[in-house]
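Undergrad: First to last, the protein sequences are chains E and V. Under the numbering used here, the very last position in the first sequence is 476; numbers go up by exactly one each time. Under the numbering used here, the very last position in the second sequence is 1020; numbers go up by exactly one each time.
Read the hints as simulated data drawn from the structure, not as lab findings. No residue lacks a Cβ here, since even glycine has one placed at the ideal position from N, Cα and C.
Capping the alpha-carbon separation at 30 angstroms, the derived lysine-lysine pairs in DSS-like fashion look like this:
id	chain 1	residue 1	chain 2	residue 2
1	V	539	E	328
2	V	170	E	349
3	V	807	V	718
4	E	328	E	349
5	V	170	E	215
6	E	349	V	539
7	E	328	V	43
8	V	399	V	535
9	V	155	E	349
10	V	170	E	328
11	V	535	E	349
12	E	215	V	155
13	V	1017	V	807
14	V	155	E	328
15	V	912	V	718
16	V	399	V	539
17	V	155	E	156
18	V	695	V	718
19	V	170	V	43
So these bits of chain E aren't anywhere near chain V, every CB distance computed over 12 angstroms:
id	residue
20	116
21	119
22	287
23	306
24	307
25	310
26	311
27	316
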Amino acid sequence: MRRYSAFAIAREALRYHQGWERAWRAPEPKSSYDVIIIGGGGHGLATAYYLGRNFGITNIAIIEKGWLGGGNTGRNTTIIRSNYLQDPSAAIYEKSRSLYETLSQDLNYNVMFSPRGVMMLAQTHHEVRGYQRTAHANALQGVATEFISPQRVKELCPILNIDGPRYPVLGALWQARGGTARHDAVAWGYARACSDMGMDILQQCEVTAVRRENGQVTGVDTTRGSINCKKLGIVVAGHSGQVAEMAGFRLPVESLALQALVSEPIKPCMDVVVMANTVHGYMSQSDKGEMVIGGGTDGFNNYTQRGSFHHIEETLRALVETFPMISRLKMLRQWGGIVDMTGDRSPIISRTPLGNCFINCGWGTGGFKAIPGSGWAMAELIANGTPGALAAEFGMDRFRQGRFIDESVAAGVAH
Amino acid sequence: MSTRLASGGRFLNRATVQNFVFNGKRLRGFAGDTLASALLANDQMMVARSFKYHRPRGIVAAGPEEPNALFNMGRGARFEPNQRATTTALFEGLECESQNHWPSLEFDIGALNSLAAHVLPAGFYYKTFIHPRAFWKHVFEPIIRHSAGLGKAPQDRDADRYEHLYAFADVLIAGGGIAGLQAACVAGESGARVLLLEQTLHWGGRAVNDGAQIDGAPAQDWIAAALAKLTALPNVTLRLGTTVSGVYDHGYVLANEHVGETTPGDGRPKQRLWRIRAGQIITATGAIERPLSFAGNDVPGVMLAASLRDYLHDYAVSPGDRTVVVTNNDDAYLTAIALKEAGLSVPLIVDARRTLTGPLPQRARDLGIRVEAGWAIAAVKGTRRVTGVSLCMQAGEGGVIEEIACDAVAMSGGWSPVVHLWSHCGGKLLWNPEQAHFHPDPARPPLGADGKGFVRAAGAANGQSQNACADADHAARAALAHLGQTARTDLTLPVLEHPTQAAMAPVWVMPQGANQKLRAKMWLDYQNDVKVSDVQLAAREGYVSVEHTKRYTTLGMATDQGKLSNINGLAVLADSLNEEIPQVGTTTFRPPYTPITLGTLAGEARGEIFQPLRRSPMHEWHSDQGAYFEPVGHWRRPYCYPRGAENHADAVKREVLNTRNALGLLDASTLGKIIVKGPDAGRFLDMLYTGVMSTLPVGKCRYGLMCNENGFLSDDGVVARLDEQTFLCHTTSGGADRIHGWMEDWLQCEWWDWQVFTANLTEQYAQIAVVGPKARTLLERLGGVDVSKEALPFMGWVEGTLGGFPVRIFRISFSGELSYEIAVPAGHGRALWDKLHAEGADLGAMPYGTEALHVMRAEKGFIMIGDETDGTVIPQDLGMSWAISKKKPDYLGKRGQERPHMTDPDRWQLVGLETLDGSVIPDGAYAVAPGSNANGQRHTEGRVTSTYFSPTLGRGIAMGLIRRGPERMGQIVDFPTTTGTTVQARIVDPVFYDKEGAKQNV
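Take these sequences, add in the hints, and give me the full structure.
TA: Shown next as C-alpha cells:
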C-alpha cells in the first residue's frame, strides 16, 4: 500500500494524479476463506481490520450487497461520545472513542476525528438529575465528563438560546473529548487497510443463503457464487433480521427508519455538538459548514431508508427554538437509514445457535460512534469463540435472562 | 458587456424602477426583474466565488438550478445567507452581497487555493493532515472550516414568521407549464379537486421562449385561455411562486410558497408551507439544460443557452454583445437566432455534431450566422469574464484551430427531465440514449398503500417535451381513472408544435480527447468545484459506486444538489469505468427539490408555543403569585412559590412546614385521569395493574402499579371505582398520554374482543389536594359533603356538592398528612381554588409546589416514578411485593419478572439512606464497592434515587437502591462525589417520618 501524505500528493500532482492506486482492491471471490464477514459497513470492516491486526487472521472476505459504507455508516450524523450510563455501554463506547483518537494515524487515512466536545442539554429538573447521575457513573467508569452550568453552556455554544420560555437550559453533561468524524472516511479507511492486509472486499455481492451442517455454518451462497468459510460474522445492521433468518435463528431486533438532514453550508458558527433530548433534536456543524441535524425514528417498522416529514418537523421546531439563528438557514437534503433496535436499545455482540457464527447488531440510532470498539470486540469474539470483557454483557441471551443494559434510562431518545 | 435592451422584456414593468444594493453599490432594476436579471442588466458578470478554489463565478442559469449566484441577503434579523439570485424577485430596497471571499469579491485571498489546485484534487484531505495528531483539531480543521462554508451565519432571532397550510387534492400538479396546464384542464374540467402549483411567478413554462405554437397560434394565447378557464373552475386552485419540494409516502406532499418575501415587515408570513395530501400527483416539472464540459466552462459569461435566451426574452437583458454558442443539439440555435434577431452579434455557433440536418441550423445560417459542425471549444479565455474562446475539433485532443473574441458563451449539452419528485418516494428511471437523459419508468412508479403508482410524470419531465400536451392529457386521464373518477371525453386535445429539432449527440467531454490539463479545467459541479479530472481520479482510486464518487468528490452535494452536474458527472464516471450510464445509475434524489428555510419547516411553533402548552385552570393564579414553574411533559407546574426575598430552597422549606403543620393546597390538575369503562373493565385493569382491581368496591380507591412487558415499573397511581363498570385510573402527570396510548395499544391490538372503552379526561377535571392537619376543617367550612373519618375513610371517595361546587373527593395522601383530593369540572377549578384560599386563609392555607410535594413524599418513603424507577426497576426492587397479586394467573410484566436476573437476590433494592454528617447526598451519586471490573471500572453496589434536605427533620434524607439493601440495615455505604469527596450514609428504613401513619389516619 502506498502511504498517503502531503509529500505523496505533491509528487502525484506533477503527473496530474495519474499514479494513484485503488484505495482497495476489487478481487473476484475465492472459493473459501477462514472468516467471512457479511456486511461492508463500518462495523463489518472494523471487525475484519481488528481480526487482522489483533489476531493475525487475514484470510477474510467482507461481503457487501451494495456499496461499502452505504448503510448507516454513510447516513448518520457522525457524533462520537462515550458518556453512557451503564457500565457495559460506557466501556465499549469509551474504548471506541479512544480508538478514534488515533484512527487516522492507525489507518493512514484521515478520518477527521475532531474532539470538539459534545454537550447534552438538561432542560428539566428530571434531566438535570439524570445527567448528574451519568456524571457520577462516568467518573467511576473512567469516562471524562462533567455537569456544567448554563453559563458555561452559553460560552461553549454562543448561538444556543439558554433562556427559552418553555425549556430553559438548566445545565448540560459535557464530554470535552467527544466530537465528530468523517463518516465515509471511516469505512474507506478501514477498507483500504483491510485490503492492504490481503483481505477481499466483495461489493455488489448479496448473500442469498447461509449454508449449514450439524449446527455449524459451512459457507454462504451469494450473487457472485458460493463461498465457504470456517467462521461467519454477521454485521448487517438494519437487515440483521433477514440474514439471521437465512441462518435459521431469530433476533430480538426490529428495524425502523431514522432520519437526518443537513442545512446549506455557512461559515463556522458552532464548534461543539449539542444534543437536546427533552425537545428531541441534535445538531453540529460539519467541516463543510452544513448544520448536521438528527431526528427521531418513525413509529413503525420499515425498510424504506426514507422517512416521513413529521419527525423532521418536530426536530426542526425544537432546534429553531434552541438555536434561533438557524431559522433562516435552509434545509438542503433529508434522508433516512434503517436502524436495528433491540428491546433495551443496546447492541448485541453475541454467539448464535450456530457454533461458528457470530452476530453484531442492534446498534440502533448510535452505531457510528461505536465502530472501532464494536469491531475490536467482535474480532475478539470471532477469533476466540468467546466474548472478551468488552462484549461479555452484550450476548443476546441477556433478553432471556432479563439482564438488560438499558440506556434509554438517562439518554432519553437519542444515543 | 451585459446590458438591458431598450425595449422588450415580457416580465418587466419598466414604469416601476426598483433600487437595490449589491456589495454596497446602488443599482437599479425594474419591477418584474429577478435579482439575477437585474444584476446582469447592470453588467455584474462576476457575482460569486466558488467553494473550494474561490474562482470567479457568474450567473449560469435562470432558475433554481443556478449553482453560483448565492448571496447574503438582508440585514439584522432579516439576514439570510445563500439566497439564490435567479429565484429571488427584485424588490425596492433589496440589499445583498456576494459570499465566500475576503476581503472582497474582486480581490479574494482565498483565490490562492486556485493556484494550488493541482495539489488539492478530490479527496486530498483524506490523504494528508494526518500528522501530527493534534494538528487536525487545532490547525488544519480550523483552516478548512473557515475557508469552507458559503454565506455568513445569521446572528439574530428571525424577525419573520412562517405558516403552515393543510390542503387536500384529488390531483396535485407540480409545474404550470404547458403540460401542467393541460393536465389541470383535463382533471379540473372533469370535476376533480385540482391543485396546480408553479414555482416561478409566471405560467406557461418554456413554451413561449421555445417558440412553441398551440393550435396554430403562439403558445401565449393558449396559455391565457387555459388560465381563464381554470380560474373560473371552483374545484381548481392555482398558485404561483410555490415550489413542490418533496413527495412522501401515501401521497403526502410539501410545497413552499413565497408570500411576503418581497415586502419584508408587512406582517404577512414570509413563506407558507403547504402540507398536502394528494390522491394522485402529476409532476410536470419540465427539464433542465445541461452544461458542456470544456476547459474554462466556469468563467463568468459562460451561461446555459436557454437561460441566456430567457434573460433576453423575459427581462430584455443581453449578457454579452458578442455571444459564441456551443452546443450538441438544435435547441441552442433558438438562442443564437433570438440574439441575432435582437440585433446582437453571434460570431459563431460551435456544434459538436459532425452533420447538421435540421431546419434550425439552416435558419441560423440564413440569418448570416457562421456555424461550424464537429467543432468544440478548447478553452475559454478570461478570468473574471469571458474575453474569447479558442476552438478545436470535437474529435481531437484540443489542438487550437482558431481563436475568437467574445464576451459571452451560450452552451447547451442537452436536457435532463426534472425527475426529483418522481424519485423521492422510490420511482425508478430509464435511460434514453437518443436524448441522453434519464426519464421516469412508467412501469416502476412510487407505490401507494394500494400497491399502485401515485405519481405520474408529464411533458418534458417525462422526456416528452415535443409531445407535452398529449402526454399531460394522458397523465391526467390515467390519474382520474386511478381515483375512480370519470374524465370528460368531449375535450379537444390541443395541438402543440415546436420548431423541428434534429437529434442531439451526447457530448460529455469537449473535445473528446482532451488531455489532463484541460480536464482539470472542466467544471462539472460549479459550486463545489468538482472537475472532470476529479471524477476520473475517484474512478481510478476505486470509488466507483456512484455514491462513492459523489461522496469522494462532493459532486452534486452543493446547494443545487447537482441539478446541473449529476448527469454530466455520471457520464464521465461511466466513461472512466468503460460502462454504460444506466449501469452506473444515479444517486438518490432526496427532498427538498430546492432548499427550504428551517423557519418555514418549523412554522408558527416558536417561543411559548413551540410545543403545545397545557395550562391547568389555575395557571394564571400561579403566574400572578410569582410561581417558579418547571416543565412536566407539556404542562408547566409550579415548582414553588417564592415570597419576597425567598430563594427557592427557602420557599420549599416554608411550604413543607406549613403543610405539615397547618394547611397546604396543591394544584394537582395535571394528574392523569383516564376513565376505563365496560363489562370487561375490571378484567382489563387486572391485566394492566400488578394488583387486583376487579374486586375494588364502588366508592373505594386502590393504589396500583403498572409494568411493561419486561416487568419494569412504568407508572403508578390510585384507581377509584365509580360504578360497577367504570373505573377512574389516576396516572402520573407526565405519564397520562403514554398510559392512555398503552391501554389502547392492548385493547386495539391484543384484546380487541374485550368490551372496554377508555377516555383520557385529564383536562376535563381540575384537581386540588387539600393537605395538612386543618384540611378537614377547611372542607367542613365549605360544607355540603360529610368528610368525617367515618363517612369518608382513608382510601375512600365520595361525590357531592362542596361549597356549591359539584365535586368528587378522594381521601388519598401522597404526603402522609390528612389529605383530600378534590376533583371538579375544569371550568370550576379556579373558583374552587380561590374559595379554598379565601376560606382557608385564617387556617394558614398556602399553596405548595412540586418540590415540596417531592420532599414530603420522600420523607414518607413513597416512591416516585422516574426517580426510584428508571425503566430498569421492578416493583420487587422497591419492596412493593405487597402491591403484586399472587393469585392472578397473569398481568403485564409477570413473565418478565420471573426471569432469572429479576429474581436474583443480589439485585439493588430500595432502602433509606441517612448521611452520617446530616448533609445531602448529591443527586445521582453511586455507592462504591471495593475493586474494579475487567474493563477497569469501579465496582458499584447501589445508587441514590431521591435525595433532599428534609425541613421536617432538619437533615439530609435519601432513598436509594442498594445491593441486598433491606438485609443490610445499619451498614455504612460510601458515595464518592464528582468533586472528589465521599459522603458516607447509613442504610435505614425508607420511611423517615410518621412510620405509624398517625397523621394520615385521623
